[in-house]
Amino acid sequence: MYNMLDMPAGVVPTGTVRREDDEALMDDTQWATDGNILLKWMRSAAANSVGLPVGVQVVAMRWEEEKCLGLMNAIEAMAKAQKK
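Counting in this note's numbering, the sequence shown runs from 1 upward without gaps.
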C-alpha cells in the first residue's frame with residue numbers, strides 16, 4: 001500500500017517467536033481479551049507460532065528514503081546485538 005502512495009517502506013527481520021512469547025500471549029493477566037472478539041481472533045491466529053519469523057515494517061514520508069534506510073539499518077543492528 002505504501003508503494004502505491006509513493007512512500008518508501010521496507011521490512012527488517014528481527015528474529016523469531018520464542019516459546020515465552022507464545023506462552024505470554026495465552027496469559028490472561030498480560031493479554032486479557034475481556035470479551036473483545038477482535039482480540040480473541042488475534043490471539044487464536046497467533047497461537048502456536050513458535051519459530052515463525054518476526055519483522056518490523058518501516059515507513060517514511062515521500063522523498064525521505066534515507067530516513068527509512070537509516071532506521072532500517074539501526075533496527076537491524078539492534079536485532080543483531082540482542083542475538084549475541
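Honestly, the hints are just simulated from the structure, not real lab data.
You may find that some hints are simply not true.
To be verified - Simulated pairs of lysine-lysine, DSBU-like, Cα-Cα distance not exceeding 30 angstroms:
no., residue 1, residue 2
1, 83, 67
2, 67, 40
3, 80, 67
Outcome of the hint check:
no., hint, result
1, 83 <-> 67, "holds (25 angstroms)"
2, 67 <-> 40, "violated (36 angstroms)"
3, 80 <-> 67, "holds (20 angstroms)"
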